[in-house]
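Protein chains in written order, with this note's numbering: chain V, 1 to 511; chain W, 512 to 1022.
Source of the hints: derived by calculation from the structure; they are not laboratory data. Yeah, the Cβ is synthetic: ideal placement off N, Cα and C, and Gly gets one too. Careful, some of the hints might be misleading.
[Said to hold, decoys possible] Taking lysine to any residue pairs in the SDA-like style, the calculated list, with each CA pair at most 25 Å apart, reads: (1) V:K384 with V:N413; (2) V:K112 with W:K578; (3) V:K112 with W:I534; (4) V:K67 with W:E537; (5) V:K293 with W:K635; (6) W:K623 with W:E813; (7) V:K67 with W:L757; (8) W:K578 with V:S72; (9) V:K293 with W:A572; (10) V:K124 with W:E537; (11) W:K578 with V:G62; (12) V:K68 with W:L568; (13) W:K585 with V:V69; (14) V:K474 with W:G559; (15) V:K67 with W:G913; (16) V:K229 with V:N270; (17) V:K229 with W:L757; (18) V:K509 with V:P188; (19) W:K804 with V:E58; (20) W:K578 with V:F108; (21) V:K507 with V:Y371; (22) W:K804 with V:A61; (23) V:K67 with W:I538; (24) W:K804 with V:S34; (25) V:K124 with W:N529.
[To be verified] A few chain W residues that don't get close to chain V, going by computed Cβ distances all over 12 Å: (26) K520; (27) L571; (28) T769; (29) K846; (30) A864; (31) V868; (32) Q931.
2 protein chains.
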Amino acid sequence: MKKNSNTTKPSASTLAYNNLHAISREITHIESTSHLLDWDQETYMPPGAAAHRAEQLEALAGIAHQKKVGSSFKNALEKLISVKSGTLKAKDLPTRQQAAVRLWRKDFLREKCLPQSFTEKWAKLTSTAINAWKKAKTDNNFKLFLPLLTELVDLARKKADYLTYKNHPYDALMDLYEPELTVEKVTPLFTQLRKQIVPLLKSIKAAGPINDAFLNGTWSHELQLEFSKKILTNIGYDLQYGRIDLSSHPFCSGMHPTDTRVTTRFHPTNLISCVSTLLHEAGHALYSMGIPKEEHGSPLGEAVSMALHESQSRFWEIFIGQGRPFWSHYLPKLKATFPGKFDKVTLEQFYKAINKVTPSLIRVDADEVTYPLHVILRYDLERKLIEGSMKTKEIPDAWNAGMKELLGITPPNDQQGCLQDIHWAMGGFGYFPTYALGTMYAAQLFSSFAKKHKGWDKRVANGELLFIKEWLNKEIHQHGRQFTSFELIKRVTGKEFDAGAFTSYLKEKYL
Amino acid sequence: MKKNSNTTKPSASTLAYNNLHAISREITHIESTSHLLDWDQETYMPPGAAAHRAEQLEALAGIAHQKKVGSSFKNALEKLISVKSGTLKAKDLPTRQQAAVRLWRKDFLREKCLPQSFTEKWAKLTSTAINAWKKAKTDNNFKLFLPLLTELVDLARKKADYLTYKNHPYDALMDLYEPELTVEKVTPLFTQLRKQIVPLLKSIKAAGPINDAFLNGTWSHELQLEFSKKILTNIGYDLQYGRIDLSSHPFCSGMHPTDTRVTTRFHPTNLISCVSTLLHEAGHALYSMGIPKEEHGSPLGEAVSMALHESQSRFWEIFIGQGRPFWSHYLPKLKATFPGKFDKVTLEQFYKAINKVTPSLIRVDADEVTYPLHVILRYDLERKLIEGSMKTKEIPDAWNAGMKELLGITPPNDQQGCLQDIHWAMGGFGYFPTYALGTMYAAQLFSSFAKKHKGWDKRVANGELLFIKEWLNKEIHQHGRQFTSFELIKRVTGKEFDAGAFTSYLKEKYL
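Could you build the full structure based on these sequences and the hints that come with them?
Written out as structure tokens, the structure reads:
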């Protein structure tokens, strides 16, 4: 046997890196297993197994936490970087791996900074608060939730202190979902959005009603699923590595590039809901499936942030899935799937119907124009609560005033107003901004995509879709967490992220 | 508020017990989560996810092992019992808990006695051996498997040495699946079985052929499942805490009394296969569901052994599900489910057909008479291999001679002979005897059940089945691992376990 004289011994840095990666991969296996517990809970778990499932999840979360802050992890990390100062020791590592090492350190410090006693208090409070919120919502009685909400805000402020921040305590909370997001960055973005969307909404209203009645009806679940499945296959969602199930709240479970599942539900009357839900979830899935397998278990094997994840789902749901080219290809197929149901509907009528704008009371029902306004309202309230400039008892009035001002409608009650969803009860302060950011990221990415792919619309109209996934794979997915969202958007689009692409898109589409 | 003056402070022993139980429960959560990974792998996992799933399973197994031998567990155990000598320290604990403490110690010592290097070597060898066996079976070439089988036997002998034993190395291996089972106990049992069954088989053969042609055909999967589901509900399998899915190899996954799932498959032609498979798996499930929830995570929350588990499945599959009373109730329902298919078949004809005895080449296809003969053959060969009195290269001849002698048939080739199943390739020496023992336990339990429930047959014929489950709950399930199989059988039936009940049952039924 010939000896391979080119074989070089891996450097000490590489060995240390691989060692840390192996430790980290084991933790990721625990976490992806927790995701299977979650997936199963939402899909197939026997109803009576809920209490036991909660215990399993708690046990795995505890084990993952212990390993994340444990000495084995810390010692392996310390070989590569000074945990205390952040000075890199393994300077000969490739840039990508240097970035990974810094992120490992960041994650380690964050994991350590919340004391066990706080985490337990937080878990207990949110669990109680969720029950109180459910009761308060059912009874349409904000006062039942108020004391717990007050405690939650107090504890969220304390959480921000533990997490530390430079300028604003809300920064620390947003950073949990979108690294390096700050009030300083978000406020001007949202101000700009608001300035553009509020008058746009008035113009759209003035233009008169749009007919979407033909989308409503009773549609075969089987056919809806079959139709959606074909679309998902065409955009590159590979059922060899995924599956589609039903759940009451649709989600994507990205356990590994080779095991990323999506779920959907059927709207009681709307035909397009199932398709657009699955396009949204498949957008998340393609991100998870597009990250290099060999990086699994390292920061380079993870998605950048919630907002960037959301950008991938909104890219497909909105910018592709609500466009003319897409339906130019799929409308005839939809007609063939549901023969006789809307034979006379033209592409233009269909396009208008699926893009109908109507202010609604809740984000999850919102069209793409009014959607960000729901987020802006929540951002304003949360920021004030966390900085202490608003009291929880002022929420109902502030909510209703904000809805009136931004969307021109007033909730008939708190049930459909400030009690409408679970985010606060589960302690998710700082999460909401990512919903709007995701769409804005997607808009800027889409604008760049369209410029770089002249004739993209004709290709899509011909049913060619895989090249979109491949572009996203190359530009976004393959990098893992090497860059922040803002860095990545700039790399891909050649300019700093701002609200311009999104507002231009809306104005061009709706005016 | 009144103070409860009866509140007594828990004793130091109770506190120490609860502490150990909490540590042990966390380990059980890891293991039950592994079972979900397994269940998912056999039911819904995307096909391309297999490699990642293996990594998740390996990670969880590693974590469970570390915790089982870790200082936290050991220190908690040492407070209750001397790990070294086995002398109980917490003498004031209730008897049940004393038994649990002894079992915790036994498990701890076993977990520790296999060195990491051995476990890794074993895992690697079995993994290679499984692939070699698959190839050897496909190619019908025993020689391809021989070198690995030789290594496997050598390593299994080494394993027995690590595990330690008094008289026979095979005892150490059997003890892994059936605590305290020894060659000294099994050999006379199997000798007796053999003496009774071989002539019985000849008599049955001489009595002439039985018509079961009406069971064969193409049967709606949906209706088979619906029919079986009703039966499972009637015997007490609660779908609130379980579910029925399809898998290529049927199994029961007992993750917790509130989450115990079964799977089945459809035979290409035989109508009764799905029913009897589900009765078998539901028998396992009722055991798992019948163990007290509050004991979960302690030895009192576990099943006694593989063989006792098998006794529960065979109790339902054979002693209830192949009996006249059962089909007296269900045959009319079966006829109604498949109208016109066998209207003229009488209960007696049906009973004979589902109890038809025909020697076959493999255990999984065997009827209740020939089934133990397959086990006896394997037991003889394994025992000789492990004690060193037979060489692996002698297996094919010995197998064929044994088949001829016991079942009167000779396999046409090694593929259908000694290469027929995966047990040796996966290193499962010592497992096979539990298959026969389970049925023999079930026979003795059933005989006792019938004596204690005069008129049980009429109740079953009336469709009353829950009382059987309740009896098994009370007599078997509720005890967890407090007693060994032999102790438990004696407690329930009032006499030592022997082969008598089973051979009497067979003779009465078939002669």
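Review point. Minimum Cβ separation between W:Q931 and chain V greater than 12 Å?
Key: holds (31 Å)
**Study point:** Non-interface claim for W:T769, where every Cβ of chain V lies beyond 12 Å
**Key:** W:T769 is in fact no farther than 12 Å from some Cβ atom of chain V, at 5 Å.
Exercise for review: Mind verifying the non-interface call on W:A864? Its CB should be farther than 12 Å from each CB in chain V.
Suggested key: Given that every Cβ of chain V is farther than 12 Å from that of W:A864, nearest at about 35 Å, it holds.
Check your understanding: Is V:K124 within 25 Å of W:E537, Cα to Cα?
Key -> holds (19 Å)
Exercise for review: Mind checking the alpha carbons of V:K229 and V:N270 for me, to see if they're no more than 25 Å apart?
Suggested key: holds (17 Å)
Exercise for review: Mind checking the alpha carbons of V:K229 and W:L757 for me, to see if they're no more than 25 Å apart?
Suggested key: holds (22 Å)
Review point. Are W:K623 and W:E813 close enough, with their CA atoms no more than 25 Å apart?
Key: Holds, at about 20 Å.
Check your understanding: Is W:K585 close enough to V:V69, meaning Cα to Cα at most 25 Å?
Key -> holds (23 Å)
Check your understanding: If you draw a straight line from the CA of V:K293 to the CA of W:K635, is it 25 Å or shorter?
Key -> holds (23 Å)
Review point. Going by Cβ atoms, does W:L571 stay more than 12 Å from chain V at every point?
Key: violated (6 Å)
Review point. Regarding the pair V:K112 and W:I534, is the alpha-carbon distance no greater than 25 Å?
Key: holds (23 Å)
Point to revise | W:K804 paired with V:E58 [C-alpha distance capped at 25 Å] | key: holds (18 Å)
Hint violations for this structure: numbers 7, 15, 27 and 28, all remaining hints satisfied.
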